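For the sequence shown, full-length UniProt numbering assigns the number 1 to the initial residue and increments by one for each residue that follows.
Honestly, the hints are just simulated from the structure, not real lab data. One thing to keep in mind: the hints can contain errors.
[To be verified] Taking lysine to aspartate or glutamate and the EDC-like style, the derived pairs with C-alpha atoms no more than 20 Å apart in a straight line are:
hint, residue 1, residue 2
1, Lys127, Glu103
2, Lys127, Asp82
3, Lys25, Asp122
4, Lys127, Glu66
5, Lys25, Asp53
6, Lys97, Glu66
7, Lys117, Glu15
8, Lys94, Glu2
9, Lys94, Glu66
10, Lys25, Asp82
11, Lys81, Asp95
12, Lys94, Asp53
13, Lys97, Asp57
14, Lys114, Asp100
15, Lys94, Glu15
16, Lys127, Asp95
17, Lys114, Asp95
18, Lys127, Asp57
Quantities reported herein were computed from a predicted structural model and do not represent experimental measurements.
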Amino acid sequence: MEVIVKPIIATELLESLKTKVEEEKQVIVHCCFPASPFLGNLIRIWNTTYLIDNNSDHRSGLIHAENISLFPYWTPVPFMKDFWFTLIFSGLPKDCKSFDFQEVIPEEGGFFVKSIKRNSSDVYRIKISE
């Protein structure tokens, strides 16, 4: 029988890995586009959508979008039903207390939610409108 001895990992290495893990933390934003009385509504997200720290010039970029099309494509919104989609962003700075959700686009109607309070899980539910 082979005995596997638990390796000893240098403290410096563990510390440097810890900062890497914190840098890699992702932020999950569940977005609700409220029910609309209009038929044929379309929605999309631009990859120039950011979480912008209210206390620094840090911007967390969009990594992944679930249940919504990325520009230039469109997703149809169901008639009279709230439409949910999920966005995953790169991590926010450790000392960030609040941030804005902003779609930075070269046309009218970009999504914007101001001063979202930071929480310990970095998972958020927001309601957006045009």
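Verification of the hints:
no. : hint             : in the structure
1   : Lys127 to Glu103 : 14 Å, holds
2   : Lys127 to Asp82  : 10 Å, holds
3   : Lys25 to Asp122  : 9 Å, holds
4   : Lys127 to Glu66  : 16 Å, holds
5   : Lys25 to Asp53   : 15 Å, holds
6   : Lys97 to Glu66   : 26 Å, violated
7   : Lys117 to Glu15  : 29 Å, violated
8   : Lys94 to Glu2    : 43 Å, violated
9   : Lys94 to Glu66   : 25 Å, violated
10  : Lys25 to Asp82   : 29 Å, violated
11  : Lys81 to Asp95   : 37 Å, violated
12  : Lys94 to Asp53   : 11 Å, holds
13  : Lys97 to Asp57   : 13 Å, holds
14  : Lys114 to Asp100 : 5 Å, holds
15  : Lys94 to Glu15   : 16 Å, holds
16  : Lys127 to Asp95  : 25 Å, violated
17  : Lys114 to Asp95  : 18 Å, holds
18  : Lys127 to Asp57  : 24 Å, violated
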